[in-house]
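From just these sequences and the hints, can you work out the full model?
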Amino acid sequence: MTTQAPPLPETALQRLRWALTDAWTVTGRDLAHWTRQPAGLVLNLAFMVMVVLLFGYLFGGAMTVPGGGSYREFLLPGMFALSMLFGVESTMVAVTTDAARGVTDRFRAMPMARSAVVAGRAAADMLSSTLGLAVLLACGLAVGWSWHGSAADTLAALGLLVLFRFALIWVGVHLGLLVGNPEGVVAVQVLVWPIGFLSNALAPTATMPGWLGAVAEWNPLSATITATRELFGNPGLGGVSWADQHALLLAVVWPLAILAVFVPLAVHRWQRLSR
Amino acid sequence: MTTLPVLAEGLRKRYGTASALDGFDLAVPSGTVCGLLGPNGAGKTTAVRILTTLLRPDGGRARVAGFDVVAQAAQVRHRIGLLGQQPAVDEILSGRQNLVLFARLHHLGAAAAGRRADELLERFGLAATGSKPVRRYSGGMRRRLDLAASLILAPPVLFLDEPTTGLDPRGRNEVWEAVRALVAGGATVLLTTQYLEEADQLADRVSVIDQGRVIAEGSPDQLKSKLGGDRLEVVVSRADQLAAAAATVARAAETEAEADPDTRRVGAPVRDRVAALTEAARALHAAGIAVEDIALRRPTLDEVFLHLTGHHPRPADDEARQEVPA
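So the protein lines, in turn, are chains X and B. Each residue of the first sequence is one higher than the last, beginning at 101 in the working numbering. Each residue of the second sequence is one higher than the last, beginning at 1286 in the working numbering.
Hints may contain errors.
To be verified - Chain B residues, not near chain X, derived (Cβ > 12 Å throughout):
| id | residue |
| --- | --- |
| 1 | Gly-1295 |
| 2 | Gly-1366 |
| 3 | Pro-1372 |
| 4 | Ala-1463 |
| 5 | Arg-1465 |
| 6 | Glu-1502 |
| 7 | Glu-1518 |
| 8 | Arg-1523 |
| 9 | Arg-1536 |
| 10 | Glu-1541 |
| 11 | Leu-1593 |
| 12 | Gly-1595 |
As the list claims (entries may be wrong) - Chain X is faced by these chain B residues, among others (derived, beta-carbon under 8 Å):
| id | residue |
| --- | --- |
| 13 | Thr-1338 |
| 14 | Leu-1438 |
| 15 | Thr-1450 |
| 16 | Ile-1579 |
Simulated from the structure, these hints should not be mistaken for laboratory data. Predicted model only: the values in this text are computed from it and were never measured. Think of the CB as a built atom: it goes at the ideal place given N, C-alpha and C, for glycine as much as any other residue.
What follows is the structure in C-alpha cells.
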C-alpha cells in the first residue's frame, strides 16, 4: 500500500493551520515524554520542593525579614521565580539534544512548518513550568505561605511569573542553539545558579554590601520577585531604591526587554543553521 | 523527457576561508543508486545538506525531484527522505511513537499515521519491538527505525548520508538489505560513504569526490578499469625468492611487476588475462620458485581512489567530521 502525500498548503490560512497543527504535534511529543518518563518529571517537581524545604527550614531560622514577617512568606515568591529561571535549563537541554541528535535536521528537511519546532517547544515548556508552579504553590500553602491580596492581584502575580518564564524560553532556545552540544549546556547550567542567587529571592538586598545589593536589585529576577511579593501581600518590601519602588513596572519591562533581545537572536540562530 | 531526480550544477559552499564545495556537479538518473565516495572532509555531507534544503549554497544551483532546492524548498522537502549521519529519532519515545510523530508532521491523519507506522515497523522487522523505547534499541535497529522515519511518504528521492558508519557488520547488512529493497521499489538514492565496499555493494554509479568536487564518475567496474584493467598477483612461499619471482613475472607477462616484502606478494598489471596467468605460472614453475597463491583480480576502489587523488580515502585515525561545522 502506498501512502498518499497530503497536498502542501497554498493559501496563508492553510499555512497558518499547518503551523498550528505542527506546533501542537511537537508539543504532544513532549507531553508523551512525561508519560514515557514520569520519573524525570516527578524528580524535577520534587527538586524545587526540596529547595523550598531546605531554605525554609534549614537556613530560614537564621533569617530575619526587614519590617518583620515570616521568612517562608518572604521566601516563596523567590522560589516561584527561581523555578521559572531554572526552567531555562530544560529548554536548553531539549533544544540542544534535538540539534545534536539530528532530530532538528530531520524536522527541517520535512514539509512541516518551521516555526512549529520552536512554537511547540515553547508551548510544552510553558505547560511544564505552569505545572511546576502549581506544585510549588501547593507546597507553599503547606509550609505556611499564602496570598493575602485580592484574586485579581494573585492572578496578576502568577501572570508575571508566567511572563518571565515565557521570556526565558527564548533565552533557552538561543543558548541551546548557540552551544549546540550537551557538554556546553552544563557550563551554562553552572551560571544559572549564581544568577538566581544574586537576587532578592533568598535574602533581602538591604543585608548585602552596597554594590552587591545594587546588582541584585537590578537583576530581572528581583523585579519579578518584588512585584509578586507586593501582589501576594507577602513581607520583605519597603526597599527605597528606584528599582524597588517601581518593581511592578520593571517586572513587565524586563521580560519584554528580554523578549526584544532574544527573540531576534533565537530566530537569527535558527536561520544560521542554513548557513 | 524525464527530469533527473537529482541535478547539481557548479555548487559552491565556503566556511570562512575553507571551501567545502568548489564547483560540485552531479546528475543522478531516475531509479538508480548513486554512490558519493570520498574521505572525511571531501564535501559529501555538505552536498547532501544542500540537496536536502538544510543548507544554502553560496553559488551554483541544484534541483531535486524537479524543484529548485533554494526557491522551492518546501516542494523539495515534500518529496525527499533524509537519513543523516546519526539516527535522528527521539530516544525517549517508542519506535512506534516516533513513526506516528513524523507521520503526523507529514500531515497524515491520526488513523493513517498509525497505519503507516505499523506498516513500516512490519517492513523493517521492528513490529515486535515497536512499543519499546528507542534507547533500548541496538545500533542496527535504531538505524532501521531511522530509515523507516525517512520513508513515511514513500519519497521518490532518498538521501543516505553514511548510513552504516558506526554499525557492526550485522547492522551494516541489515541496512544494506533495506536499501536494496527500496531500490527494487523504484526509488532514486544518493548515498554517501567512505566505505569503498559499500559503494561497490549498493551503487549503480559512483562519483568520487575530493576537495569539494567530483573528480571521477562511472560504474564501479568502469572506475576500476581506469586503473588499466586487471592485476596478476603472486604470493611466494619464501621471501628470498621474491626478487626472482618479480623478475620472472615481469618477463613472462611482458609487464612491470612490483614486489612487497611484507606480504611476499608480487603484483603486475596485465592486459591479456589468461595468457599472462598461464605464462607466469609456467615460468615460475620452471624457475623453481615455490608459489603459495597466484590469481587475477580487479583493482579495488581503494586503489582507484589512491590512483585518482594520490592519497588514501581514509586518512588514518582522522575521525574528525570537518564537513559539519557546529
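Verification of the supplied hints:
1. At roughly 19 Å from the closest C-beta of chain X, the C-beta of Gly-1295 of chain B stays outside 12 Å, upholding its exclusion from the interface.
2. Listed as a non-interface residue, Gly-1366 of chain B fails to keep its Cβ farther than 12 Å from every Cβ of chain X; the least gap is roughly 8 Å.
3. Not every CB of chain X lies more than 12 Å from the CB of Pro-1372 of chain B, the least distance being 7 Å, so the non-interface label is violated.
4. No beta-carbon of chain X is positioned within 12 Å of the beta-carbon of Ala-1463 of chain B; the least distance is around 17 Å.
5. The claim that Arg-1465 of chain B is not at the interface with chain X holds, since no C-beta of that chain comes within 12 Å of its own (minimum 19 Å).
6. The beta carbon of Glu-1502 of chain B sits about 25 Å from the closest Cβ of chain X, which is more than 12 Å, so the claim that it is off the interface holds.
7. Look at Glu-1518 of chain B: its CB is around 43 Å from the nearest CB on chain X, clear of 12 Å, so calling it non-interface holds up.
8. With a least beta-carbon separation of about 54 Å from chain X, Arg-1523 of chain B lies farther than 12 Å from that chain, consistent with its non-interface assignment.
9. With a cut of 12 Å on Cβ distances, Arg-1536 of chain B stays outside the contact zone with chain X, its closest approach being about 57 Å.
10. Every CB of chain X is more than 12 Å from the CB of Glu-1541 of chain B (nearest about 49 Å), matching its label as outside the interface.
11. The Cβ of Leu-1593 of chain B sits about 31 Å from the closest Cβ of chain X, beyond the 12 Å cut-off, so the non-interface label holds.
12. With a cut of 12 Å on Cβ distances, Gly-1595 of chain B stays outside the contact zone with chain X, its closest approach being about 32 Å.
13. A hinted interface residue such as Thr-1338 of chain B counts as satisfied when its beta carbon comes closer than 8 Å to some beta carbon of chain X; here the least separation is about 6 Å, so the hint holds.
14. A cut of 8 Å between beta carbons decides the hint on Leu-1438 of chain B: the least distance to chain X is about 5 Å, and the hint holds.
15. Hint on Thr-1450 of chain B is violated. Least Cβ distance to chain X is approximately 13 Å, over the 8 Å limit.
16. Among the interface hints, the one on Ile-1579 of chain B is violated; its C-beta lies about 49 Å from the nearest C-beta in chain X, farther than the 8 Å criterion.
The structure shown violates the earlier hints numbered 2, 3, 15 and 16.
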